[in-house]
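Novice: Each chain, written out:
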Amino acid sequence: AQSVAQPEDQVNVAEGNPLTVKCTYSVSGNPYLFWYVQYPNRGLQFLLKYITGDNLVKGSYGFEAEFNKSQTSFHLKKPSALVSDSALYFCAVRDTGANNLFFGTGTRLTVIP
Amino acid sequence: DTEVTQTPKHLVMGMTNKKSLKCEQHMGHRAMYWYKQKAKKPPELMFVYSYEKLSINESVPSRFSPECPNSSLLNLHLHALQPEDSALYLCASSQRAGGYNEQFFGPGTRLTVL
Chain A
1 AQSVAQPEDQ
11 VNVAEGNPLT
21 VKCTYSVSGN
31 PYLFWYVQYP
41 NRGLQFLLKY
51 ITGDNLVKGS
61 YGFEAEFNKS
71 QTSFHLKKPS
81 ALVSDSALYF
91 CAVRDTGANN
101 LFFGTGTRLT
111 VIP
Chain B
1 DTEVTQTPKH
11 LVMGMTNKKS
21 LKCEQHMGHR
31 AMYWYKQKAK
41 KPPELMFVYS
51 YEKLSINESV
61 PSRFSPECPN
71 SSLLNLHLHA
81 LQPEDSALYL
91 CASSQRAGGY
101 NEQFFGPGTR
111 LTVL
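Chains as they are written, first to last, in the working numbering: chain A, 1 to 113; chain B, 1 to 114.
By construction, these hints were calculated from the structure, which means they are not laboratory data.
Certain hints may be false.
Away from chain B, derived, C-beta distances all over 10 Å, residues of chain A [to be verified]:
#  : residue
1  : Q2
2  : E8
3  : S26
4  : V27
5  : L44
6  : E64
7  : H75
8  : K77
9  : S86
10 : N100
11 : L101
12 : I112
13 : P113
Under the rule of at most 30 Å between Cα atoms (straight-line distance), these lysine-lysine pairs were calculated in the DSSO-like manner [stated by the list, open to error]:
#  : chain 1 : residue 1 : chain 2 : residue 2
14 : B       : K22       : A       : K69
15 : B       : K36       : A       : K58
16 : A       : K77       : B       : K22
17 : A       : K77       : B       : K38
18 : B       : K22       : B       : K9
19 : B       : K53       : A       : K77
20 : B       : K53       : A       : K58
21 : B       : K38       : B       : K19
22 : A       : K58       : B       : K19
23 : A       : K22       : B       : K36
24 : B       : K53       : B       : K38
25 : B       : K22       : B       : K41
26 : A       : K49       : B       : K36
27 : B       : K41       : A       : K77
28 : A       : K77       : B       : K36
29 : B       : K19       : B       : K53
30 : B       : K41       : B       : K19
31 : B       : K9        : B       : K38
32 : A       : K22       : A       : K77
33 : B       : K19       : B       : K40
34 : A       : K22       : A       : K58
35 : A       : K49       : B       : K18
36 : B       : K36       : B       : K18
37 : A       : K69       : B       : K53
38 : B       : K22       : A       : K58
39 : A       : K69       : B       : K19
40 : A       : K49       : B       : K9
These figures come from a predicted structure and were not determined experimentally.
Note that beta-carbon positions come from the ideal geometry of N, C-alpha and C, so glycine has one too.
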């Protein structure tokens, strides 16, 4: 069975400050992990993914994520937040051998000018 | 072309109508997906097509009928829908189903059932 949790419904951060959006997962095998962003009334945009190898993954728009196997976490980070980063962020996981992509409940990020 | 397109953008239909949603991609992807998304909720998987064959049907009611005419096109035929079916319907594609393949999403069709 696979599951993913995003413990924070809402994250507020001041513009220019670092941001973190948290994600923890549970899989029976090795995980493939993804982050997506969704702007209002739009589809999801792929940001980055973890397959294997380096625990720090760099993605689009200056975002990065750190894979931590012992804590089963895959937190999304950005060193300096922009107002335009305000959106809904989804973490997703797929177990090896599975076709389904399982999404977390989403975290709304608001960057305050 | 790295885009998934969906038509129409908005659709309003009565409970007795028949309508279709369309999705197209020209990235050479061989897996295509339909998701349903309610406001402020994550997308819920409905169907997966792999090499134009239906591989996953997540127990979706028969009033939703998917069709994959070729590797670039995916349709969702709607008939006798209920008001609770109102949602954003997202199409996605990936190189292959499963594994480490990320999915590319279209902008969605906002469906309202009266």
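Novice: Each of the hints needs a verdict: does it hold here or not?
Specialist: Hint-by-hint comparison with the structure:
Non-interface call for A/Q2 relative to chain B: holds, since the shortest CB-CB distance, roughly 12 Å, exceeds 10 Å. Every Cβ of chain B is farther than 10 Å from the Cβ of A/E8; the closest lies at roughly 14 Å, confirming the non-interface assignment. With a closest Cβ-Cβ approach of about 16 Å to chain B, A/S26 is found to remain outside the 10 Å limit, as its non-interface label requires. Under the 10 Å C-beta cut-off, the non-interface status given to A/V27 relative to chain B holds; the minimum distance is some 13 Å.
Once the 10 Å rule is applied to beta carbons, A/L44 is inconsistent with being away from chain B; the minimum gap is 4 Å. The claim that A/E64 lies off the interface holds: its Cβ sits roughly 16 Å from the closest Cβ of chain B, which is beyond the 10 Å cut-off. Distance check for A/H75 against chain B: the nearest CB is about 18 Å away, which clears 10 Å, and the non-interface claim stands. For A/K77, the non-interface assignment is confirmed: its Cβ lies about 19 Å from the closest Cβ of chain B, beyond the 10 Å cut-off.
For A/S86, the non-interface assignment is confirmed: its Cβ lies about 15 Å from the closest Cβ of chain B, beyond the 10 Å cut-off. Taking the minimum C-beta to C-beta distance to chain B, about 6 Å, the non-interface status of A/N100 is violated against the 10 Å cut. Distance check on A/L101: its Cβ comes as close as 6 Å (rounded) to a Cβ of chain B, failing to clear the 10 Å threshold; non-interface status is violated. The Cβ of A/I112 sits about 20 Å from the closest Cβ of chain B, beyond the 10 Å cut-off, so the non-interface label holds.
Annotated as non-interface, A/P113 keeps its C-beta farther than 10 Å from every C-beta of chain B; the closest such distance is 23 Å. Of the pairs offered as hints, the one joining B/K22 and A/K69 is violated, with about 40 Å between alpha carbons and a cut-off of 30 Å exceeded. As the CA atoms of B/K36 and A/K58 are separated by approximately 29 Å, the hinted pair is consistent with the 30 Å bound. Restraint check for A/K77 and B/K22: the C-alpha separation of about 35 Å exceeds 30 Å, so the hint is violated.
Taking the CA atoms of A/K77 and B/K38, the gap is near 27 Å; set against the 30 Å cutoff, the hint holds. Only pairs whose Cα atoms come within 30 Å are accepted, and B/K22 paired with B/K9 is accepted, the gap being roughly 10 Å. With a C-alpha separation of about 38 Å, the suggested pair B/K53 and A/K77 falls outside the 30 Å cut-off, and the hint is violated. For the suggested pair B/K53 and A/K58, the alpha carbons sit about 34 Å apart, so the restraint of at most 30 Å is broken.
At roughly 20 Å between alpha-carbon atoms, B/K38 and B/K19 fall within 30 Å of each other, so this suggested pair holds. With a C-alpha separation of about 42 Å, the suggested pairing of A/K58 with B/K19 is violated against the 30 Å cut-off. A threshold of 30 Å between alpha carbons decides the hint, and for A/K22 with B/K36 the separation of about 24 Å falls inside it, so the pair holds. Of the pairs offered as hints, the one joining B/K53 and B/K38 holds, with about 27 Å between alpha carbons and a cut-off of 30 Å not exceeded.
At most 30 Å may separate the alpha-carbon atoms for a hinted pair to count; B/K22 and B/K41 meet this at roughly 23 Å. Distance restraint check for A/K49 and B/K36: the Cα-Cα separation of roughly 23 Å lies within the 30 Å cut-off, and the hinted pair is therefore satisfied. With a C-alpha separation of about 22 Å, the suggested pairing of B/K41 with A/K77 holds against the 30 Å cut-off. Restraint check for A/K77 and B/K36: the C-alpha separation of about 28 Å stays at or below 30 Å, so the hint holds.
For the proposed pair B/K19 and B/K53, the alpha carbon gap of about 22 Å is at most 30 Å, so the pair holds. In summary, the hint linking B/K41 to B/K19 is supported, as the alpha carbons are separated by about 25 Å, within the 30 Å threshold. Proximity of B/K9 to B/K38 is assessed by CA-CA distance (about 16 Å); at most 30 Å being required, the pair is judged to hold. Under the criterion of a C-alpha separation no larger than 30 Å, the hint pairing A/K22 with A/K77 is consistent with the structure, at around 9 Å.
For the suggested pair B/K19 and B/K40, the alpha carbons sit about 25 Å apart, so the restraint of at most 30 Å is met. Proposed proximity of A/K22 and A/K58 is supported: the alpha carbons are some 16 Å apart, at most 30 Å. Our distance criterion of 30 Å between C-alpha atoms is broken by A/K49 and B/K18, whose separation comes to about 39 Å. Simply put, B/K36 and B/K18 have alpha-carbon atoms about 18 Å apart, close enough for the 30 Å limit, and the pair holds.
Restraint check for A/K69 and B/K53: not satisfied, since their Cα atoms lie roughly 35 Å apart, outside the 30 Å limit. Between B/K22 and A/K58 the CA atoms are separated by roughly 33 Å; this puts the pair beyond 30 Å, and the hint is violated. Restraint check for A/K69 and B/K19: the C-alpha separation of about 46 Å exceeds 30 Å, so the hint is violated. Taking the CA atoms of A/K49 and B/K9, the gap is about 28 Å. The hint holds against a cut of 30 Å.
The structure fails hints 5, 10, 11, 14, 16, 19, 20, 22, 35, 37, 38, 39 (numbered hints given earlier, in ascending order).
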